[in-house]
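Chains as they are written, first to last, in our numbering: chain A, 12 to 148; chain B, 33 to 321.
Nothing false has been slipped in among the hints.
No farther apart than 30 Å at their CA atoms in a straight line, the calculated lysine-lysine pairs in the BS3-like style are these:
#	chain 1	residue 1	chain 2	residue 2
1	A	K136	B	K112
2	A	K75	A	K91
3	B	K112	A	K59
Note that these hints are calculated values from the structure, not bench results.
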Amino acid sequence: MMMLNAIKTIKTSVSFAFLAMFTTINVHSAPVSALLSVTPEQCVALRKGQTCYLEVTFDWQYAKAANYCLVNTTRNKVLKCWNTATKGQYSFDFQSTKSNDFVLRHQDSGKILAQTQVVVAWVYKSNTRSKSRWRLF
Amino acid sequence: MNLSINKLSAAIATLLTLTFATASQAQSISQALRGNSQNTTENYFEIGLGYTNHEGPSTNPRKLDWTGSYSIFNWSYNYKGFFLERFADKFTESTDPFVIGYNAYTNDNWSFDIIGSSKNPGLKLIGVAMGGENNGQEIDFVTRDSDFMIGGRLSGYFGNNILQFSVSQDIRRHHGRMASALVGRNWQLRNWNFHGLLGVQYSDSTTNDYYKGVRQEEADRSSFTAYQAGAGFNYNAEVGVTYPINEDWVYRATATVVSYSDEQLNSPMYHSTSGSTSTTFSTSISYVF
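Build out the structure end to end from the sequences listed, making use of the hints.
Written as structure tokens, this is what we have:
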């Protein structure tokens with residue numbers, strides 16, 4: 012009886028140990044959900060409506076190796092694709108008058124796995140004057 | 033009666049008069065060029081600090097240059113065509129404390145405003161009487177009031193180029209007239225905004241004589257000789273750069289050269305070795321609300 016209890020205890024301990032190991036391995040492997048980040052995240056222009064310029068770098072990673080593409084959904088433009096990859100990096104010269112959205116998309120299914128944004132901000136907000144008219148107060 | 037002058041007061045007052053009178057006409061076009069705006073309006077308020085070096089005509093041969101820090105306090109407010117503006121550095125663009133106006137007409141390329149502003153500040157040259165009933169006392173040698181000029185300002189926007197013409201007349205004191213013509217251009221290189229500006233300003237004899245002339249009774253109680261100033265032209269050139277540090281902070285740097293008319297420089301108020309041009313270099317950082 013004591014032997015049986017001891018064996019049960021050992022089995023339970025070993026099970027917990029494997030569970031802990033598995034969990035530990037999972038924490039240090041590629042994430043369960045995809046991650047997409049951009050650095051820097053904000054581009055500042057002097058005035059609203061000006062083109063803002065910024066060198067940005069995208070980093071992504073995902074547990075499942077497959078074919079993925081980084082897509083600018085604001086302009087509907089594919090920036091770069093990776094074949095059978097679990098992570099990637101892409102840098103480019105961002106130039107825009109407004110904020111742009113970017114997604115990591117599965118190349119075959121089109122499923123969006125992660126998204127991020129480069130935000131365009133400005134110091135002075137301009138208001139265009141009403142055109143072609145005389146004012147009479 | 034032998035009289036001497038409070039040179040520090042005179043130098044400061046005169047310096048402000050000279051730079052103010054020429055630069056104020058360029059205020060709005062310079063603001064538009066720096067901000068890379070095209071016939072737009074904006075409401076903002078900003079405060080900041082700057083550092084400047086200025087050399088130019090002065091009544092004091094030992095105070096022909098000024099270097100130091102200065103505070104910035106600018107704003108622009110627009111409401112249904114009415115606007116209030118203040119865009120001033122210590123010596124560049126304008127030391128015009130305030131511009132009030134009304135946008136009477138605008139289309140894609142042209143804008144016409146009715147504006148009022150004080151283009152010439154008051155002036156007081158103080159000296160110590162050395163003789164007479166006021167012997168040893170400080171007296172006013174020359175006193176002039178600030179003006180308030182009403183006029184029209186026509187601005188043209190063509191791509192990155194801005195033209196601006198203005199005509200105005202004083203309604204407060206001397207009733208003189210001034211006119212100006214300026215052309216400017218801005219360039220954007222990445223997030224750096226560069227601008228250049230050339231201008232000419234005309235002051236009629238009434239305006240120049242009020243601020244630069246010396247009346248006989250003033251000559252009698254001072255070391256000045258009597259002087260009557262005629263009409264003249266001042267010329268100015270400016271280059272600068274503006275950079276948005278982030279959403280709230282702006283960096284600026286400007287270099288300005290102003291060439292003054294002989295009618296102004298021949299005034300006995302100014303020292304003969306002052307030269308005929310002023311140069312100003314300034315750099316600043318401002319927080320924009």
